[in-house]
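Every letter in the sequence shown is one number past the one before it in numbering that gives the first Met the number 0, and letter 91, counting from 1, is 90.
Derived from the structure by calculation, the hints contain no laboratory data.
Positions of the beta carbon are idealized from the N, C-alpha and C atoms, including for glycine.
Treat the hints loosely; a few may be bogus.
Stated by the list, open to error - Ranges of calculated distance between the beta carbons of each label pair, as one might list FRET restraints:
#, residue 1, residue 2, range
1, Gly253, Asn31, 31 to 37 Å
2, Glu58, Pro96, 29 to 35 Å
3, Ser100, Val288, 42 to 48 Å
4, Ser302, Gly253, 56 to 62 Å
5, Glu58, Asn29, 38 to 44 Å
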Amino acid sequence: MKTEQDIQDKDSKTKSLGSFLEKLVHEKGNGNRIRQLTKIITEAYKESPENLIEYLFNENELISGIASSAYYNLTGDLKPLRKLEYGGLGISLVNTPSGLSFGKKQLWFSKNSGRAFAYSNNSGKSFRFSENSGDSFWGSKNRGYSFFGSENSEYSFFGSENSGGSFGGSKNRGYSFRFSESSGGSFRGSENSGGSFWSSENSRYSFFGSENSGGSFKYSKNSGDSFGFSENSEDSFRGSENSGGSFWSSENRGYSFFGSENSGGSFKYSKNSGNSFEDSKNSENSFRVSENSEDSFEDSKNSGNSFEDSKRF
Numbered sequence: 000m001k002t003e004q005d006i007q008d009k010d011s012k013t014k015s016l017g018s019f020l021e022k023l024v025h026e027k028g029n030g031n032r033i034r035q036l037t038k039i040i041t042e043a044y045k046e047s048p049e050n051l052i053e054y055l056f057n058e059n060e061l062i063s064g065i066a067s068s069a070y071y072n073l074t075g076d077l078k079p080l081r082k083l084e085y086g087g088l089g090i091s092l093v094n095t096p097s098g099l100s101f102g103k104k105q106l107w108f109s110k111n112s113g114r115a116f117a118y119s120n121n122s123g124k125s126f127r128f129s130e131n132s133g134d135s136f137w138g139s140k141n142r143g144y145s146f147f148g149s150e151n152s153e154y155s156f157f158g159s160e161n162s163g164g165s166f167g168g169s170k171n172r173g174y175s176f177r178f179s180e181s182s183g184g185s186f187r188g189s190e191n192s193g194g195s196f197w198s199s200e201n202s203r204y205s206f207f208g209s210e211n212s213g214g215s216f217k218y219s220k221n222s223g224d225s226f227g228f229s230e231n232s233e234d235s236f237r238g239s240e241n242s243g244g245s246f247w248s249s250e251n252r253g254y255s256f257f258g259s260e261n262s263g264g265s266f267k268y269s270k271n272s273g274n275s276f277e278d279s280k281n282s283e284n285s286f287r288v289s290e291n292s293e294d295s296f297e298d299s300k301n302s303g304n305s306f307e308d309s310k311r312f
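Could you put together the complete structure from these sequences and hints?
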């Protein structure tokens, strides 16, 4: 039988855990430590997962969230994880039923691989600071700020549809967003490399202020201020089609748009150097008021006042 002292000790430990989680989640953003803590709790309750149930209703939402992760690990029950505000905190997942929906703050700092959330619908602030690989979000639809600050690789978001700040500040590599469609500030301030958005279609401020390299947007179609103020290098947009102010005030170098087709004021006010547009086709004021080095447009084909009021340096 539990004594009053036992209850007080338990309450004290629970409060300490809550304070520790607050620091890890909101101050330090330490995903590795949070995931490690999830594993420790899972191991501690592996003989009696039913004893985790009381923590699913704890007034501290971070405690209930990490408890739901351990509970899923031991029982395979997704219901608490899907209902709680911070459900799935620090969990690692490989496979779940396809087509799930998340819209709260679920699965922050989670690590997802395999086909963990294929064809899922994600919004709100779900999956913030997550690490995603494999085919984990293949064919998913993502909006809100759902993957803010996430790290994505392999084919994790192949064929996905993304909007509304959903991947702001994210880091993307591999073929993580190949054949995706993105709009509405969805990757604002992101860092992209290694074929991550091959053959993608991007519009409406989707990559505003992003840094792109290594063939990241090869053969993509871009319009509507999608890459305004971005920095682009290393074949990042080779063979792409760009229009409608898509790269306003961008800085481009190192063969970044080799063989591209550009029109409609797509690079107005841009700064271009180092063979950045070699062998490209340019028309309709595409580089109006831009600044360009001697070799930036070598062997390019230009028409329609494409360089009106531009400067050479």
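- [ ] Starting from the hint 29 to 35 Å, judge whether the C-beta atoms of Glu58 and Pro96 obey it.
- [x] Check passed, 30 Å falls within 29 to 35 Å.
- [ ] Evaluate the given range 42 to 48 Å for the C-beta pair formed by Ser100 and Val288.
- [x] holds, 45 Å
- [ ] For the range 56 to 62 Å, tell me whether the beta carbons of Ser302 and Gly253 fit it or not.
- [x] violated, 25 Å
- [ ] Kindly confirm whether 38 to 44 Å is satisfied by the beta carbon distance between Glu58 and Asn29.
- [x] Violated - the Cβ-Cβ distance for Glu58 and Asn29, about 23 Å, lies outside 38 to 44 Å.
Open item on the list: Looking only at beta-carbon atoms, does the pair Gly253, Asn31 fall within the given range of 31 to 37 Å?
Closed with: With a Cβ separation near 34 Å, Gly253 and Asn31 satisfy 31 to 37 Å, so the hint holds.
Of the hints listed earlier, those the structure fails to meet are numbers 4, 5, in rising order.
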